[in-house]
Amino acid sequence: MSDERSKNRTQVADVDRSLYDFTKSEEGYERYDDGLTPEIVRAISAKKDEPEWMLEMRLRALDLYHARPMAPNWGPSIEGLDLDHISTYVSPKTKQAKSWDDVPEDIKDTFERLGIPEAERESLAGVGAQYDSEIVYHNMREEVAEQGVIYTTIEDALHDPTWEPVVHEYFGTLIPPTDHKFAALHYAVWSGGSFVYVPAGVTLPYPLQSYFRLNAAGAGQFEHTLIIVEPGADLHFIEGCSAPKYYEANLHAGAVELFVKDGARLRYSTIENWSKNMYNLNTKRATIGTDAKMEWVSGSFGSHVSYLYPTTIMAGDRGTCEFTGITFAGATQDLDTGCKVIMNGADTTASVSTKSISKDGGVNTFRSSVVIGRHADRARCSVSCQSLMLDDISRSDTIPAMDVRNATAQVGHEATIGRISDDTVLYLMSRGCSEAEARTLVVNGFANPVSKELPMEYAVEMNNLIKLEMEGAIG
Amino acid sequence: MSTQLLNVSALSAGTEDKPILHGVDLAVGAGECHVLMGPNGAGKSTLGHVIMGDPAYRVTGGRIEFDGADVTELSADKRSLAGIFLSYQAPVEVPGVPLYSFLRSICQMRPELKTTARKFRERVGAIADQLELDQGFLMRELNVGFSGGEKKKIEMLQLLLLQPKLAILDETDSGLDVDALGIVSRGIQAYREQVGGALIVITHNTRILERLEVDRTHVMVHGRMVAEGPAELIADIDKNGFERFERGAGQDDAACAECPGCPMVGDAE
Amino acid sequence: MAEKNGALAADAAGAAPELTLERVNVAPAQTWNRLRTNDITLTVPAHSRAGDVYFSLPRLFEGVECGMGRKVTDWVESQAADARYVEVPRGERREEPIVVAVGTGDVADTGVMVRSGAEATIVVAAGAGEKDGETGTSASLVRIIAEAGARVHLHEYVGVGAGQQHLESVGISAARDARVDVHQYLLGGGTVALGFACDLAGERARVDLGCRYHACGTEVLDINEVVRQRGRNTRSELAYNGVLEDAARKGLRTTIDLVHGAKGAQGNEAETVLVLGDDVVNKTLPTILCDEDDVAGNHGATIGSVSPEQLAFLASRGLSREDAEELFVRALYEDALMHAPCPEARAVVNDSIGDRPLLNHGPDDSKGVCPQLNHPEEA
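Residue numbers (the numbering used here), protein chains in the order written: chain A, 1 to 475; chain B, 1001 to 1269; chain C, 2001 to 2379.
In short, the hints are calculated from the structure, not lab data.
Check before you lean on any hint, since a few could be wrong.
Said to hold, decoys possible - Interface residues of chain C toward chain A, partial, derived using beta-carbon atoms under 8 Å:
| # | residue |
| --- | --- |
| 1 | Leu2035 |
| 2 | Glu2092 |
| 3 | Gly2163 |
| 4 | Asn2282 |
| 5 | Thr2287 |
The beta carbon of each residue, even a glycine, is placed where N, CA and C say it ideally should be.
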């Protein structure tokens, strides 16, 4: 083996978890009482100086939250989540900055470690960074702004007379507060997130990126992302999430509402690496118009418990939806992930391809639903789901539901579960790989169809995460 | 000379995005045996499927006459009822339909073959025996899980059952072992003797032709008919290959370079 | 049971005594309730049997998991006339099928013990006879214990009237080297609910299941099938093939459960559904649960109309689209007839055909449809 190659391998082995596990002092930050009351909700709203309709929506959602039960018959346990002791709002004492230099030192340090400004300089059209409950940094390239693209926080949009009516028109319509218990919680206490508006016909040359960091222990993050892509426009939006490790449960209950109009395209990429005390109960939904295209790329590595099923509602004819996802569940993780596709337009096409990897007692559940409505003539959908088991103490379940109500629709579905074959490992070892290298190679190959869909720096991050996880697996 | 059964004139056809056949002519008289040869990708199978009326291909020019009628616009099922049969190179699997139910259905579609269940059973049994086909196959789902040889035998079974006026055998010999080849050859002979139907044998292998009395041989290259001759042409090709025909066709292609998507080389099929 | 007391009260008031079986036929793993694909709720008659004493099955059958679940088992046990227990002695090959014929209003409770190395054929035939205007509920519960090396052939033929309801629950426990093959033909009814559970407890136990269904009109067909693979090197092969017409509603839940310790287990499931009606509701939940690494689980489904390739092939043999679609429906009944193991099963098919013209079943053709299939007693 050449020196060059062995050096590369050493570098890989050097990646360590401390990249994500550092914590920052919370001292001096404003922090609300634990628990959830109308007073807290009013206080959040007052602090944000919101329009009356938003406060009303929050209070309505709070009632719904208290009234709605969790589904008793499916999904991972959320018993570790004690909402009476989760401070629902933690706000760093800083104003949003437009220049990276204005961001407070400790927060800046956090994001610099995660490579955020670096990425912006190189390949992004705009960047937003949220630290706990508030956006701390937002910036966008001038030439993009000149085309009429808006990339700001929802709070700022609500204070802008041009955009307040737009937010009012769309906010909470795709994911209503009645959707489920944690959607209701989200609407009661949401804070931060992004508002993106791409005018008709505008194609962004670079992606926009948001990075979410939850630093405080025992806290919640409830950001709301609202993206409107007008007819014929084209956007790639990237979202990254991470948090340091604590032993207290953290909660992430964000909402992502995506409106993709006729002939428009939106690619939404996520790489999520929440720490393993996180309950990730996130809701993401897109509605797409005639001839529109929605592409999801999703990598889930972190969190203690995840409920995550990005949903695409294909309302117009000839829409297309592609979902590419990977979930990696290690020790103590119970990740219930998948997607939903609702096909109502004629000649719509959807393809779903997911991979999951389970090891060290981790639990993966792939859960999906494909609903083809009465009027979705000639709709075509294919779902492929592959699960890799790396040891015999882990678990991998596949629960795909299909509901087809059109006689001309075609649905294909395939699922496989298995382990790395001994033959493959032996073959690679016969060519000089150690067993550990061979297994890492196979797992990377398994994940490759997903990583190649990610932007470069995220693909690298994902491969590093896999290597990190695999080192633990092989020991 | 026998009366004209099939007359393909100036036929051009292809898939949605790719023309494959360019002005093909082919005439077959009733009861004649023709052989269609050519290298891989010449368009032989496509021609067979277009004559059958496969909706995967679109006719862009020319016409197909069969038994005195223009069938160019006719759907495949109508052509089948009119007496054209195509033996598939890769017969399609049809889960859920027992072979026996299928055979009974396709016979009952044809007034001349309608018969009682008992007589039908006897006929199918006799043909199956002739093809050395275990009758257990009759209960199995059509082509599902059958080996290549079994699928071809079942195509022969349908040929003998339907007694078409014209049978197009698309590489029926490919992928068969010596025993299966012998049985299939005997099936083809039986069709010639009992039914007296015309035959177009598509092949690039001369083995299956040894037992057949061939009337005409056609050579196709790059979607064009490049040569036609008596049975003796087969022996010539067997010895010298297709090279000289390909060279000729290559010049032709250069002349029509402006024709978009023209398959200059390779896989037209 | 609280529900039953309620039903008895209704009885006293003069109304037909009924019991609601809430959320039965449940799969081991469930999903979003708003999809309404997790279970079915059925209303069944509940006649008071206070004071009567009936034979029940040996206690060990209580340990056999049944497809429709405990509530249905309890209900069947409360309603069935004498439970029927059949034992096939060690090493014996029983030629005569064990037939459970269920007519309108019948509730049957059957337990079969197939001893080591023995072989038995069990046939459930529900719904033979005239059914125009018939209403009511019938049910069959069959529990089978297959000891080491036993061979079990289970045939289920269900074809009740459009005004009728049928509940069919099966539980099988298969020991080492036991082999079970199952042939299900679900040919119609108002509401048909079928639950099947098979526990491959011993090493190398194997189940091969073929389920074929045809639902039309406003039929509700609800199927829940569970295979637990506990033993090493166990194997399951599940194949589903159905046709849905008109406004039929079908829910199919299948679960292959690869339990921890089942090293070398393999489970395959495949489903093909042909949807021919504009008002059809076709729901499928094909679940694989995996708690072991040295296993292979596969699932494949194809749902829709006849594929273009099949249509082109069938057209080349003279069949138009309409002919092809008709062939798929007819073939299902012919397949059922071809594989019917006894006259009772054949009667269910014949009485379900209705006015569907079966080409292979003309007036001169009373002896089955295929030369291979003439039964000894008819030859």
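Evaluated hints:
This hint holds: leucine 2035 of chain C has a C-beta 5 Å from the nearest C-beta of chain A, less than the 8 Å allowed. A least Cβ separation of about 39 Å between glutamate 2092 of chain C and chain A goes past the 8 Å threshold, and the interface hint is therefore violated. Hint on glycine 2163 of chain C is violated. Least Cβ distance to chain A is approximately 25 Å, over the 8 Å limit. The closest approach between the C-beta of asparagine 2282 of chain C and any C-beta of chain A is roughly 5 Å, which is under the 8 Å cut-off, so the hint is satisfied.
Interface restraint check: threonine 2287 of chain C against chain A, minimum CB-CB distance 5 Å, threshold 8 Å, status holds.
This entry does not satisfy hints 2 and 3, going by the numbered hints stated previously.
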